[in-house]
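Top line first, the protein sequences correspond to chains A and W.
Take the working numbering: the last position of the first sequence gets the number 882, and nothing is skipped along the way.
Take the working numbering: the last position of the second sequence gets the number 590, and nothing is skipped along the way.
Note that these hints are calculated values from the structure, not bench results.
A quick note: this is a predicted structure, and the numbers were derived from the prediction, not measured.
Please note that the accuracy of each hint is not assured.
Straight-line C-alpha distance at most 25 Å; calculated DMTMM-like pairs for lysine to aspartate or glutamate [as the list claims (entries may be wrong)]:
no.: 1; chain 1: W; residue 1: LYS274; chain 2: A; residue 2: ASP805
no.: 2; chain 1: A; residue 1: LYS851; chain 2: W; residue 2: ASP333
no.: 3; chain 1: A; residue 1: LYS854; chain 2: W; residue 2: ASP371
no.: 4; chain 1: W; residue 1: LYS258; chain 2: W; residue 2: ASP348
no.: 5; chain 1: W; residue 1: LYS274; chain 2: A; residue 2: ASP819
no.: 6; chain 1: A; residue 1: LYS854; chain 2: W; residue 2: GLU487
no.: 7; chain 1: A; residue 1: LYS851; chain 2: W; residue 2: GLU316
no.: 8; chain 1: W; residue 1: LYS258; chain 2: A; residue 2: ASP778
no.: 9; chain 1: A; residue 1: LYS773; chain 2: W; residue 2: ASP483
no.: 10; chain 1: W; residue 1: LYS258; chain 2: A; residue 2: ASP819
no.: 11; chain 1: A; residue 1: LYS851; chain 2: W; residue 2: ASP371
no.: 12; chain 1: A; residue 1: LYS851; chain 2: W; residue 2: ASP584
no.: 13; chain 1: W; residue 1: LYS258; chain 2: A; residue 2: GLU791
no.: 14; chain 1: W; residue 1: LYS258; chain 2: A; residue 2: GLU857
no.: 15; chain 1: A; residue 1: LYS851; chain 2: W; residue 2: GLU386
no.: 16; chain 1: W; residue 1: LYS458; chain 2: A; residue 2: ASP778
no.: 17; chain 1: W; residue 1: LYS274; chain 2: W; residue 2: ASP341
no.: 18; chain 1: W; residue 1: LYS513; chain 2: A; residue 2: GLU791
no.: 19; chain 1: W; residue 1: LYS263; chain 2: A; residue 2: ASP819
no.: 20; chain 1: W; residue 1: LYS328; chain 2: A; residue 2: GLU857
no.: 21; chain 1: W; residue 1: LYS274; chain 2: A; residue 2: GLU874
no.: 22; chain 1: W; residue 1: LYS263; chain 2: A; residue 2: ASP805
no.: 23; chain 1: A; residue 1: LYS854; chain 2: W; residue 2: ASP333
no.: 24; chain 1: W; residue 1: LYS274; chain 2: A; residue 2: ASP798
no.: 25; chain 1: A; residue 1: LYS851; chain 2: W; residue 2: GLU393
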Amino acid sequence: MAKAFVLDRDSILERLGGDEEIYSMMVDMYLQDVDNNCTAIASAFASGDSMTLQREAHTIKGLLATFSDEAGAADAMLVEKQAKNGEIDGLADGVAGLQQRLREVAAVLSAG
Amino acid sequence: MHNVLIIDDSDINLTLIKALVLKLGDCSPILFDKPISALEWCRSNVPDLVIVDYMMPDMDGLKFIAAFRALHGRNEIPVLMITANDQKDIRYDALLGGANDFLTKPIDRIEFSARARNMLSLRTGQKFLADRAEHLSALVEERTAEIREREKELIFRISRAAEFRDPETGAHIQRMAHYSQIIAQGLDLSPTMQKLVLEAAPMHDVGKIGIPDYILLKPGKLTPEEFEVMKNHSKIGHELLKDSRSEIMQAGAEVAISHHEKFDGSGYPLGLKGNQIPLLGRIVAVADVFDALTSERPYKRAWSLDDACKFLEDGRGKHFDPLCIEAFLAGWEQVLEIRQRFRDEEVPQI
């Protein structure tokens, strides 16, 4: 399990060229989509569809990286790689961990 | 205004890239979350820059680029592909598949702006070169047409120079050239060939320039010796024109040497027979004789149209190629129109 998410607003803003408007828009969209993203990866895992699971993990990797959550993105990458190799049997914890991480990041962003 | 096509199945990425594209200025973002829909749009629209994600359902970025590049005229449009940092192999494949550059996630605004601006500069350069090429091509076409017109005028004036020395007129040249074109049309020659016939026919008698006045302008019948000299105009015309690089002049040379040949082999200068006589010569022979017969000269009255037609009919297979006679008579309405259009008295003297 990755260590707790700490919001590094400055590094995110630096990547966005210091644009507060874009930052706020990104946070809003993340918060709007977080439930859908959690549902999508859970469904992909439940259906045993390794390709869809790989893609959903890839999407989550990108989302978490956008908010400079390198640890969360690394966990998503592991799930993505295993799904790519078709090794989805042992991924229950990994998938649950990603859902939890998405919600954790959402909570921090909401508070921040 | 640059049209920037953005394709990503993630709404948050689409929104982010759209915002970054708008920050570039002078750009209009066009968003698609499905590559298939984007491809459909590209069939009738040309973007100035394509930004496409790699991992998407149904069609990934590599497949999209391949399909996009296969569309007509989309081979040069810059494409930026978005990949994750750990997708080095995919970046190699994308480069080979037609991507111009990459963006890695998470997207960095500075890097994005630099790469997108580079790609748009490339596109601006492409458009400039394409416009310039089009402009130059139009200019070349215009200048070529001018040169061709000048060449035609020059040919007409050279032909007139020869005709000036005998009783025939500029109208004769015009009429016989158009009659020749009517025959070419009746023979189903290509439009290019018909035009060549029209342009080359006026040079048929250019060799008369080399015939002494006492023969050329003699009001009465020529003696056999004088006629032998007169016959040389075919060869002189051919000599004058044959080495030209101009297609019209070369055709003129052929007309000059062959328009007095006869289908049965009794003509001059070579006594060629039937299809040995170049087609241009067979065509011009009919047009030239018909106009000479139906025109008034100081030494003869104009023949009636009926008598002239009978002369042509009687000369089928003897003097004239039967197919050329047929083609000429088939265009009779046009023949009458040409006679009306180019009447001797109405031709301005040069």
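Hint check results:
1. LYS274/W - ASP805/A: Between LYS274/W and ASP805/A the Cα gap is close to 21 Å, so the pair holds against 25 Å.
2. LYS851/A - ASP333/W: holds (19 Å)
3. LYS854/A - ASP371/W: violated (47 Å)
4. LYS258/W - ASP348/W: Given that 25 Å is the threshold and the Cα spacing comes to 13 Å, the pair holds.
5. LYS274/W - ASP819/A: holds (20 Å)
6. LYS854/A - GLU487/W: With a Cα-Cα distance of about 68 Å, the restraint between LYS854/A and GLU487/W is violated, given a limit of 25 Å.
7. LYS851/A - GLU316/W: Since the Cα atoms of LYS851/A and GLU316/W sit roughly 34 Å apart, the hinted pair is violated (cutoff 25 Å).
8. LYS258/W - ASP778/A: Holds - the C-alpha atoms of ASP778/A and LYS258/W are around 24 Å apart, at most 25 Å.
9. LYS773/A - ASP483/W: violated (91 Å)
10. LYS258/W - ASP819/A: violated (31 Å)
11. LYS851/A - ASP371/W: Violated. LYS851/A to ASP371/W sits at ~48 Å, over the 25 Å cutoff.
12. LYS851/A - ASP584/W: violated (93 Å)
13. LYS258/W - GLU791/A: holds (13 Å)
14. LYS258/W - GLU857/A: violated (36 Å)
15. LYS851/A - GLU386/W: violated (68 Å)
16. LYS458/W - ASP778/A: violated (111 Å)
17. LYS274/W - ASP341/W: holds (21 Å)
18. LYS513/W - GLU791/A: Violated, at roughly 91 Å.
19. LYS263/W - ASP819/A: Violated - the C-alpha atoms of ASP819/A and LYS263/W are around 39 Å apart, more than 25 Å.
20. LYS328/W - GLU857/A: holds (22 Å)
21. LYS274/W - GLU874/A: This hinted pair is violated, its Cα atoms lying about 30 Å apart.
22. LYS263/W - ASP805/A: Distance ~30 Å between LYS263/W and ASP805/A Cα, so the pair is violated.
23. LYS854/A - ASP333/W: The hint holds at about 18 Å.
24. LYS274/W - ASP798/A: holds (23 Å)
25. LYS851/A - GLU393/W: At roughly 78 Å apart (the allowed maximum being 25 Å), GLU393/W and LYS851/A break the hint.
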